[in-house]
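A.B. asks: Listed below, chain by chain, are the residues.
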Amino acid sequence: MAGLNLILVTHAEKLLEVECSDVGLPGRKGDMGILPGHTALISTLRPGELSYQPADGGARRFVAVAPGFCEVADDTVTVLTETAAPAENIDAAAARTERDELAAEYDRASFEEQAGLKDRVDTAQARVDVAGRV
Amino acid sequence: MASLIDLRRRIRSVKNTQQITKAMKMVAAAKLRRAQDQILATRPYALELRKVTEHLAAVSAGEVEHPLLTPAGGDDGGEAGSGKTLVLVVTGDKGLCGAFNAHVQRRAEQEMATLGGGGEILALGNRGADFFTHRGSPMRGARRGLFKDLHYGVAQELAAEVSKAFSDGEYDAVYAVYNEFISVLSQRVSWERLLPIAREDVVAEEGGAADGDHRDYLYEPSEAEILNDLLPRFVTFQIYRVLLESQAAEHAARMTAMDSATKNAGELIDALTLQYNRSRQAEITTELIEVVSGANALEG
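Protein chains in written order, with our numbering: chain A, 26 to 159; chain B, -5 to 294.
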């Protein structure tokens, strides 16, 4: 069976371009699993955990992503996000400190400011979660 | 005629200057490389973002309205506009880069004159900030030291402020004046509208979708919601791109300016050395004549 091609792009670099057999995406409305032959799809992503199963076998890989978009077409999954951190590159302790600081800031912030901070807190939380996957 | 000592001093001083300009040129070249890499690194994102936005804009044409988009009727559809325009003037933080800053400032002034009293400046970079503050031009504010550490967060912050002011109706439009990086030897001053986003901008390359089959995409959530999420990112990315372009152009301009300064210094050194040698020889000749004529007088 044909595999999926996963392309992960941030504004600073093309982080990933790999063959894989399935991709899990944190959709804005809920997690999505993409298998080969998926219909064409455009969706927004919430901060969370992207996972994929490399086609050449091996363990499932996890990447923490910031909010962004994905496009699925012709067995190619293109993910655009502002930042992305593969699990193995995350310093768990640093991620936790960052999360705690942001969470504290969020608690102090006014209602209007909270809207702007929400994604950052969630992104930090995603990093902590993903770090725990290794 | 200047004395030999004076000439030697001048040559030394010019040589020192030449060393400085040479060093600055090398530093600028290294920084330019980095700035170019940064621009190249944004390419894949830019392509993908454009692709997705194009699909959406094409699909949602006429159906979705967004405060950041041009109203379908045209710019001034009779809405109670504020009559004001915000101009983002992107200059460098430092001088010594030829006419780089001056060109942008001049263009900004021209455009401000065209806008009449309705223009307000947001100066990005120390140079423009100083210039327009001294002039007393109407300003919204200034950002200094922006290019010391230029990253995406800077653009996000700016985009948030600008988009908010725009959606709140403070401004009818937002433009940017900046130096576009064309090549190491040439920069072009560019005047670009950031907001409202014209639908044509988003779907600029009609040929891009020339493969004919407009796929039926599944949208999750709806097209409108995706577009709402996407347009602010589009603006952020535009601003980021403008800043990166300007940064690369600045380093390129500095490199060229310092290169010609080094060359000029070299020419000056050659001319001064020639003059120095001439006067030295003239002095020796005079001394010789004195000696010879003194000897002749003794013999006689």
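Derived from the structure by calculation, the hints contain no laboratory data.
We put the beta carbon where it would ideally sit given N, CA and C, even for glycine.
Any given hint might turn out to be false.
[To be verified] Result set (DSS-like, lysine-lysine): computed pairs, CA atoms no more than 27 Å apart in a straight line:
(1) Lys39(A) with Lys25(B)
(2) Lys143(A) with Lys54(A)
(3) Lys158(B) with Lys142(B)
(4) Lys16(B) with Lys142(B)
(5) Lys88(B) with Lys9(B)
(6) Lys39(A) with Lys142(B)
(7) Lys143(A) with Lys39(A)
(8) Lys158(B) with Lys9(B)
(9) Lys16(B) with Lys54(A)
(10) Lys88(B) with Lys142(B)
(11) Lys78(B) with Lys257(B)
(12) Lys142(B) with Lys25(B)
(13) Lys45(B) with Lys39(A)
(14) Lys143(A) with Lys25(B)
(15) Lys158(B) with Lys19(B)
(16) Lys16(B) with Lys158(B)
(17) Lys158(B) with Lys54(A)
(18) Lys45(B) with Lys158(B)
[Said to hold, decoys possible] Residues from chain B that face chain A, not an exhaustive set, calculated with beta carbons under 8 Å:
(19) Val46
(20) Glu48
(21) His49
(22) Ala52
(23) Glu103
(24) Leu212
(25) Tyr213
(26) Glu214
(27) Phe231
(28) Tyr234
(29) Glu277
(30) Ile278
A.B. asks: So which of the earlier hints does this model not fit?
C.D. replies: 8, 9, 11, 14, 15, 16, 20, 22, 23, 29, 30
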